Amino acid sequence: MDRFELRRHDYSLSGEQRQLISVLRDFLSAHCPPDVVRAAGPLGYDPALWDRLGELGLARMGLPAALGGAGASLVDLVLVAEELGRAAAPVPFADHAAASRLLSRYRPLAAPQADWDEPIGFGVREPGARGHLIPGGAVTRSAIVLAGPPAGPVGSLELWRGGQPAPAELPLSGLPAAWWACPGDRSVLATGDEAVRAHGRARTEWKLLTAATLIGLAGTGLAGAVEFAKTRYTRGVPVGTLQGISHPLADIATALVSGRHLLYRATWMLENEPGTRPDLAPAACAFAARATADALETAVHVQGGLGFTLESDVSLYFLRARGLIAAGGDPGRDVLEVVDGLDAIRRAEPASRGAGTETKTR
Amino acid sequence: MDFSKVALDDGQAAFAREVGEFFAARVTPDVLDAEERSGDGFCEPLHLAMGERGWLLDTWPETDGGAGLGPVEHRLLVLGKERTGLPFITLDTTRLVAEAVRRHAPEESRRRLMLDAARGTVRFCLGYTEPEGGSDVAAAATRAVRDGDGWVVDGAKMFTTGAHNCQYAFTITRTNPGVRKHKGLTMLLVPLDAPGVSVSPVRTFGGERTNIVYFGGVRVPDSLRIGPVDGGWGVLHDRLDVEHGLGADAAALALDPPSVRTGYATLLARCVDAVHEWSLGDDGRAVAADDLRYRLGRVAIEAEAALSAPGHYGRVAASRALIDGTARLMELLGQDVLLGAEGPAAVPLAERAHRFAQGTAIYGGTLEVFRNIIAEQDLKLPRPSYPA
Chain A
1 MDRFELRRHD YSLSGEQRQL ISVLRDFLSA HCPPDVVRAA GPLGYDPALW
51 DRLGELGLAR MGLPAALGGA GASLVDLVLV AEELGRAAAP VPFADHAAAS
101 RLLSRYRPLA APQADWDEPI GFGVREPGAR GHLIPGGAVT RSAIVLAGPP
151 AGPVGSLELW RGGQPAPAEL PLSGLPAAWW ACPGDRSVLA TGDEAVRAHG
201 RARTEWKLLT AATLIGLAGT GLAGAVEFAK TRYTRGVPVG TLQGISHPLA
251 DIATALVSGR HLLYRATWML ENEPGTRPDL APAACAFAAR ATADALETAV
301 HVQGGLGFTL ESDVSLYFLR ARGLIAAGGD PGRDVLEVVD GLDAIRRAEP
351 ASRGAGTETK TR
Chain B
1001 MDFSKVALDD GQAAFAREVG EFFAARVTPD VLDAEERSGD GFCEPLHLAM
1051 GERGWLLDTW PETDGGAGLG PVEHRLLVLG KERTGLPFIT LDTTRLVAEA
1101 VRRHAPEESR RRLMLDAARG TVRFCLGYTE PEGGSDVAAA ATRAVRDGDG
1151 WVVDGAKMFT TGAHNCQYAF TITRTNPGVR KHKGLTMLLV PLDAPGVSVS
1201 PVRTFGGERT NIVYFGGVRV PDSLRIGPVD GGWGVLHDRL DVEHGLGADA
1251 AALALDPPSV RTGYATLLAR CVDAVHEWSL GDDGRAVAAD DLRYRLGRVA
1301 IEAEAALSAP GHYGRVAASR ALIDGTARLM ELLGQDVLLG AEGPAAVPLA
1351 ERAHRFAQGT AIYGGTLEVF RNIIAEQDLK LPRPSYPA
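Those protein sequences? They're chains A and B, same order as listed.
Just so we're aligned: 270 in the numbering used here is position 270 of the first sequence, and the numbers increase by one with no gaps anywhere.
Throughout, the numbering used here is defined as the position within the second sequence, counted from one, plus 1000.
Isolated chain A, as found in the complex (with noise of 0.2 Å):
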């Protein structure tokens, strides 16, 4: 890979997308404080904030214009779920985006025009023990699922409605993920291949827009802990005065800044120039899924015994991020693609092979 082309690095946002992201901003502090995010319960759903969500066009935004869209670009969705991240907003967005957007590329017109406000779920990975763990899936009443045996064919992408959901319990999570099982009611939306590569694509796209929930949970967590570090007192100074306070925090606001754009150069490459850097998206995801628990690790630490209680916020970043990493798989699997990424920029550029042998002359 040439490590030295000209390249612009403009992460800079545009005037559109810094008022979407203080509009969202605004109403989710006004609809979406901590109480409102404990009140979802363990099922981690609140239907009346995802409703007054879709009234702002949220669950329609990154549709065609002929769906009643606004055919918003990944970048967009992914600043989006970052503020909804931010919030801890009760609603299955990364599902929704991105199965509906899948959807609607093979079921333009056959689903009418209000259904895409519905939440739709995801299955984001290959079947396990007791189905396929669809993140969303205990509040949604359809969901996107690659079918493989014994469910259907190997790569048959399929769109099931009104399955039994079993609820997939992780403690405290607020995830409102469910298993579910084949349903009476499923139709074939794309087979072998095209259904692979179908369902890659989209299930990039959601686990660009966890990687993004993530980092907005965490930011709110760090927030959390650089106030409690400037108001706790120890031996008549502020805790946030100790480098053995100070420092740790300065490395999580670091690994988060790293990580948010390092996930908008992925998710812009995906966007604009798709198979040039297949490594970005999976590093993105991978980075987020740690850089998060372990900022959010740090933030419930620095406020010792309090960041333990369940009153605490920062109890609610914590646990809500481990069941969203959760339910994305294990990141491993995405580090594990960043070299299969390398392989392919590797084997596209032949030319290149025995370019890193220039040392082997001096």
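If you are wondering where the hints come from, they were derived from the structure by calculation, not from laboratory data.
Do not rely on the hints blindly, as some may be mistaken.
Restricting the straight-line Cα-Cα distance to at most 20 Å, the calculated cross-link-like pairs of lysine to aspartate or glutamate (EDC-like) are [claimed, not checked]:
| # | chain 1 | residue 1 | chain 2 | residue 2 |
| --- | --- | --- | --- | --- |
| 1 | B | K1005 | A | E227 |
| 2 | B | K1183 | B | D1136 |
| 3 | B | K1005 | A | E271 |
| 4 | B | K1005 | A | E337 |
| 5 | B | K1005 | A | E273 |
| 6 | B | K1005 | A | E349 |
| 7 | B | K1380 | A | D10 |
| 8 | A | K230 | B | D1378 |
| 9 | B | K1005 | B | D1256 |
| 10 | B | K1181 | B | E1130 |
| 11 | B | K1005 | A | E5 |
| 12 | A | K230 | B | E1376 |
Here chain A is said to cover these stretches of chain B; the calculated rule only asks that three of the stretch's residues, wherever they fall, bring their Cβ under 8 Å from a Cβ of chain A [as the list claims (entries may be wrong)]:
| # | segment |
| --- | --- |
| 13 | 1001–1014 |
| 14 | 1178–1191 |
| 15 | 1202–1213 |
| 16 | 1256–1262 |
| 17 | 1265–1279 |
| 18 | 1297–1307 |
On a predicted model such as this, the values are computed, not experimentally measured, just so you know.
Beta carbons: idealized from backbone N, C-alpha and C, even for Gly.
Knowing the structure of chain A, use the given hints to seat chain B on it.
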């Protein structure tokens, strides 16, 4: 947001070829070997050849000795330099000081110093750190005392990299010990051939040769004072990077990497690519076991995150990624590390990077200094109160 490749017009494409050919012809295996042995971060013939083209202070107008390059051509030149793998330490310090000269030197010396720096016959090193001082450069104890129309300098400066190839050290001196430490500093260009100057080599295990420079009653004319008396801190904190001088139009093109230390992350990414190459079979297929690929992937991820990190976050992220990542790559290479230069290409590259990495925790201030900056400026954590 935009990460696209920059489309070059015909003139720019021709310039890119010229840059490629220039460095390919001059950065020979002998030049690389000589740098490897000397650790100088400097190659005089290359430096002078660049000066002949105005490529040392490339964005300065031709009348000042530059080449009047626009932002795209400037970036092409920077990338061409970086691609050689050579360290350009003395060029970098010369550019920084030349910009300070352009802005702050007195009329009588300014023009000559600018032209000679641009031509390459005058080089500048930095005289900031002191043996007792570390990163707290404002605590400088090197004294400069008024003597007629000049100054007499006594003290010592550490990590004056390139001093043995330079004509002047851009030196922080204390001219007023009676005021708070930031207020009593003055910047002087101390001639390195003046009586009373001695330069002793200091080798680092990163392969670099740096120096300690002693000043014993060194006389410096006032025409080599850069900026106001007792106003040295302001000169140091002026944005001296030449890129900054390209202005807002250039900034809008967003051609610069997100941090001035992104290069450390680029070096790690090159090491990742080389170890990836090493891990493949002869026909380029993936043969390495999943655990090895997983560990390589983790380093690749850290490199990409550091490549994206902005500003002083990037300073911390890139250095940490390089230090940790190269250690992990050395583990991956296993006993092949002991094959040295005869081994696969990844070995000498990663091995050198691993040693070099340790110094990156210090350059331009330690990582702890930058963590303090992030804590205080970005997170708004309260500033600790220390006795001095």
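Outcome of the hint check:
1. B:K1005 / A:E227: Judged against 20 Å, a Cα distance of about 41 Å means the pair is violated.
2. B:K1183 / B:D1136: Satisfied, since the Cα-Cα distance of roughly 14 Å is no more than 20 Å.
3. B:K1005 / A:E271: Holds: K1005 (chain B) and E271 (chain A) sit about 15 Å apart, inside 20 Å.
4. B:K1005 / A:E337: 24 Å, violated
5. B:K1005 / A:E273: This hinted pair holds, its Cα atoms lying about 10 Å apart.
6. B:K1005 / A:E349: Holds, at about 17 Å.
7. B:K1380 / A:D10: 26 Å, violated
8. A:K230 / B:D1378: 13 Å, holds
9. B:K1005 / B:D1256: Since the Cα atoms of K1005 (chain B) and D1256 (chain B) sit roughly 13 Å apart, the hinted pair holds (cutoff 20 Å).
10. B:K1181 / B:E1130: 15 Å, holds
11. B:K1005 / A:E5: With a Cα-Cα distance of about 7 Å, the restraint between K1005 (chain B) and E5 (chain A) holds, given a limit of 20 Å.
12. A:K230 / B:E1376: 11 Å, holds
13. 1001–1014: holds (count 7)
14. 1178–1191: Violated - the segment 1178–1191 of chain B has 0 residues with a Cβ nearer than 8 Å to chain A, which falls short of three.
15. 1202–1213: violated (count 0)
16. 1256–1262: Satisfied; 3 residues make the cut.
17. 1265–1279: Holds: 8 residues of the segment 1265–1279 of chain B have a Cβ under 8 Å from chain A.
18. 1297–1307: n = 9 at 8 Å, threshold three: holds.
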